[in-house]
Amino acid sequence: MTAASPTLPTQRIWNQRAIAPWLFLAPGLFMFTVYVLWPIIQSITLSFYDWNGLYNKDGQFTGTFVGIGNYAELVSDPAFETSLWNNLKWLVLYMAALPLGLFIAIFLNQTVTGIRLYKSLFFFPFVISQVVVGLIFSWFYAPNFGLFYLLTEVITGQGTAILADPDVVTYGIIAAGLWPQIAYVMILYLTGLNNVAPDQIEAAKLDGAKGLKMLWHVVLPQLRPATFIAVIVTVIGALRSFDLVSIMTNGGPFGSSRVLSYYMFEMALGEYGFRMGYGAAIAVVLFAIMMVFISGFIWKMWRDETER
Amino acid sequence: MVRYGKGAIALSAALLMATSALAQDKRVVTWNADYDPIPLAAAEALIADFEAANPEIDVQLNNFDHEAYKNAIRNFLTADPPDLANWYAANRMRPFVEAGLFADISDVWADNGLTDALASSVLSSTIDGKQYAVPYTYYQWGIYYNRDAYKAAGVEVPGEGGVSWDQFLANCEKFKAAGIDCVTTGSSALWPVAGIFDYVSMRTNGYQFHSDLAAGKISWTSPEARAVFDNFGKLQPYVTANHAAIDWQDAAALLVQGKAANYVMGNFAVGVFKEGGMTNDNLGFMVFPEITAGIARSEEAPTDTVHLTSGAKNPEDAKKLLAFIASADAQTKWNGAVGQLPTNKNASVDAADPFLTAGFQALSTATGGIAQFWDRDADAEYAKAGMEGFQQFLVQPDQLDAILERLEQTRLRLYPQ
Numbered sequence: 001m002t003a004a005s006p007t008l009p010t011q012r013i014w015n016q017r018a019i020a021p022w023l024f025l026a027p028g029l030f031m032f033t034v035y036v037l038w039p040i041i042q043s044i045t046l047s048f049y050d051w052n053g054l055y056n057k058d059g060q061f062t063g064t065f066v067g068i069g070n071y072a073e074l075v076s077d078p079a080f081e082t083s084l085w086n087n088l089k090w091l092v093l094y095m096a097a098l099p100l101g102l103f104i105a106i107f108l109n110q111t112v113t114g115i116r117l118y119k120s121l122f123f124f125p126f127v128i129s130q131v132v133v134g135l136i137f138s139w140f141y142a143p144n145f146g147l148f149y150l151l152t153e154v155i156t157g158q159g160t161a162i163l164a165d166p167d168v169v170t171y172g173i174i175a176a177g178l179w180p181q182i183a184y185v186m187i188l189y190l191t192g193l194n195n196v197a198p199d200q201i202e203a204a205k206l207d208g209a210k211g212l213k214m215l216w217h218v219v220l221p222q223l224r225p226a227t228f229i230a231v232i233v234t235v236i237g238a239l240r241s242f243d244l245v246s247i248m249t250n251g252g253p254f255g256s257s258r259v260l261s262y263y264m265f266e267m268a269l270g271e272y273g274f275r276m277g278y279g280a281a282i283a284v285v286l287f288a289i290m291m292v293f294i295s296g297f298i299w300k301m302w303r304d305e306t307e308r
Numbered sequence: 001m002v003r004y005g006k007g008a009i010a011l012s013a014a015l016l017m018a019t020s021a022l023a024q025d026k027r028v029v030t031w032n033a034d035y036d037p038i039p040l041a042a043a044e045a046l047i048a049d050f051e052a053a054n055p056e057i058d059v060q061l062n063n064f065d066h067e068a069y070k071n072a073i074r075n076f077l078t079a080d081p082p083d084l085a086n087w088y089a090a091n092r093m094r095p096f097v098e099a100g101l102f103a104d105i106s107d108v109w110a111d112n113g114l115t116d117a118l119a120s121s122v123l124s125s126t127i128d129g130k131q132y133a134v135p136y137t138y139y140q141w142g143i144y145y146n147r148d149a150y151k152a153a154g155v156e157v158p159g160e161g162g163v164s165w166d167q168f169l170a171n172c173e174k175f176k177a178a179g180i181d182c183v184t185t186g187s188s189a190l191w192p193v194a195g196i197f198d199y200v201s202m203r204t205n206g207y208q209f210h211s212d213l214a215a216g217k218i219s220w221t222s223p224e225a226r227a228v229f230d231n232f233g234k235l236q237p238y239v240t241a242n243h244a245a246i247d248w249q250d251a252a253a254l255l256v257q258g259k260a261a262n263y264v265m266g267n268f269a270v271g272v273f274k275e276g277g278m279t280n281d282n283l284g285f286m287v288f289p290e291i292t293a294g295i296a297r298s299e300e301a302p303t304d305t306v307h308l309t310s311g312a313k314n315p316e317d318a319k320k321l322l323a324f325i326a327s328a329d330a331q332t333k334w335n336g337a338v339g340q341l342p343t344n345k346n347a348s349v350d351a352a353d354p355f356l357t358a359g360f361q362a363l364s365t366a367t368g369g370i371a372q373f374w375d376r377d378a379d380a381e382y383a384k385a386g387m388e389g390f391q392q393f394l395v396q397p398d399q400l401d402a403i404l405e406r407l408e409q410t411r412l413r414l415y416p417q
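Order-wise, the sequence lines are chains B and Y.
So in my numbering, spot 227 of the first sequence is number 227, and the numbers just go up one at a time.
So in my numbering, spot 48 of the second sequence is number 48, and the numbers just go up one at a time.
Since the hints were made in silico from the structure, they are not lab data.
Don't take every hint at face value.
Said to hold, decoys possible - List time: in silico DMTMM-like cross-link candidates among lysine to aspartate or glutamate, alpha-carbon distance up to 25 Å:
1. Y/Lys70 with B/Asp243
2. B/Lys57 with Y/Asp304
3. B/Lys57 with Y/Asp104
Stated by the list, open to error - Pulled a few chain Y residues facing chain B out of the computed Cβ check, cut under 8 Å:
4. Ala41
5. Thr78
6. Gly100
7. Gly129
8. Thr221
9. Ser222
10. Glu224
11. Ala245
12. Asp375
13. Ala380
14. Lys384
Just so it is clear, CB atoms sit at the ideal spot from N, CA and C, and this is done for glycine as well.
Throw the hints in and build the complete structure from the sequences for me.
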């Protein structure tokens, strides 16, 4: 059996190469399937049903199949339209966290006594829970006693209750959301600035670059990885804006500050909701919107990996 | 005996086994409830009385956090049904009745003469001609007012029978001039505006109209519905500005501080007013003024109920307890402790409490009918759409046509003609 002996080791190597990755992946894949893929499939299935969330006493599902009925209803639902527009406002305005975070990061990127303290103070809003942020801002905006209300009363003679005004309420909540988001982006840029090559800065200085030119042509290109991560977390932060809406307004007044994630919760699990199918349909739409961004990011990462 | 569940179902199941081992010789009735501390103590006393009269039965009350209960009931009715469960009357119990999770207890009603004793609650306990609930408490809605605010604005304090609609609006004009909110509310949670709307609707067109409106039988663009919004609009300029951003408790503070004069609220708010420092001397109660002359007066009184579940393990003894809960004595005692009104007409209320006495008087003479409140009379989704419309109207009265149009579309979608 002389011919067999050289093939055996290769077979073993082949086996190792084929099986080992899957073995290592197995725990993660299992979790991903059970907690991510399976719920996605269930949500999509549920979105074709009209179901109030109850099983009967024999434990049987009580929903009825309605096909694309839920989606057809979404198209003509004014509340859904409001939520969609508000989500768009969130997406666009949340991007303000990038330049503002960068500005603070550059400002804090110096060596002065006590700079660590200042840095941690600026980072503070990201450490506290979104619920607390929401509460602080709703007191800030509160009619009659809130600081913002009193300020506008002094300046204009007429107090403005942001959270009672359907035209500005969403901007008020976004402002509250930006506070911790700017801190988050700032910390990303601060770590990025640590890695900016000093020799390139020196070289640029010798060539006479300074100020905005230096920032735009020398510093920013080196911050690209940080910018990439900052864009991702900001987009995701904007799309999953649920806690602030829930804490500050419950989607009100009369639904004008709803976003998709809150509307989904309201329809599926809110006190007047329990329309599981309709909620699931909203979830699927939100998922589709997120997929656009997620696939974009994955595609970019894939490209960066393969180019190397 | 009582245990505190707060959602720890596994723990309470373990406790349940432990306690049933101790009380082996007794027949067990389990009861899931969502009581705050004061009603819980009253329920404990009620159970003690029942167990004293029926020594062979052991009632095990499993108490949940009030908010958590709303979700928990949807699980435990299927997964691990107790014998009895707390819930609400009218449309709020309909999903559970239709899913077959609440049991028909028409026999309890028939055997104990409840149709007569609980006459005012028959309609709200009945679905398709069968009774599914035992109502044991309700509370009136009406106008709570601050006598000091009336005096500060130089307005005559309303008398025993309240004021007329024209007088009320004229008073509002004076309050506005004095810088006091005539009517306050805090609608960030939506439901408080429904209280005002319900009364304007019932006073404009009567109970039957309002009931049909909540049931989706009446068009929002009909002249009758527009008449309701006309009257609602007369009140609109006098309602606290920015009410959409405050809670009902914040609005209660405005009334306590004399920054607002009147508050359309349920009797449960009296506790909050008194905690804020009001007393029987400066806190007043009156029924909502008559708007259209000659319409039989109807009132709003949300009812709390206990239900027999379909999965009950000991329905016989549970029905005994239900009959006991419906009895005049038990209701007098329970409601006396909690400060609410008994639904049994043979029960009595504490004569020393002016608000309970006035409420009992107002409800027992309400010949027009007793409404359950908008979000219990109307289906959940319809109720929510309605309340958003009412709130928007109070903020943007000029959007009336758009609001009515949208409500009408919702109606046509939910109740295809």
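Evaluated hints:
1. Y/Lys70 with B/Asp243: holds (20 Å)
2. B/Lys57 with Y/Asp304: Given pair B/Lys57, Y/Asp304 holds - Cα atoms ~23 Å apart, limit 25 Å.
3. B/Lys57 with Y/Asp104: Holds, because 14 Å separates the two Cα atoms, which is no more than 25 Å.
4. Ala41: With a closest approach of 27 Å, the Y/Ala41 hint is violated.
5. Thr78: holds (5 Å)
6. Gly100: holds (5 Å)
7. Gly129: The hint is violated - Y/Gly129 has no Cβ within 8 Å of chain B, the shortest such distance being about 21 Å.
8. Thr221: Status violated, d = 17 Å.
9. Ser222: Hint on Y/Ser222: violated, closest Cβ of chain B at ~22 Å, above 8 Å.
10. Glu224: This interface hint is violated because 23 Å lies over the 8 Å limit.
11. Ala245: Cβ of Y/Ala245 sits 4 Å from chain B, so the hint holds.
12. Asp375: The hint holds - Y/Asp375 has a Cβ within 8 Å of chain B, the shortest such distance being about 7 Å.
13. Ala380: holds (4 Å)
14. Lys384: Check passed: Cβ of Y/Lys384 comes within 4 Å of chain B, closer than 8 Å.
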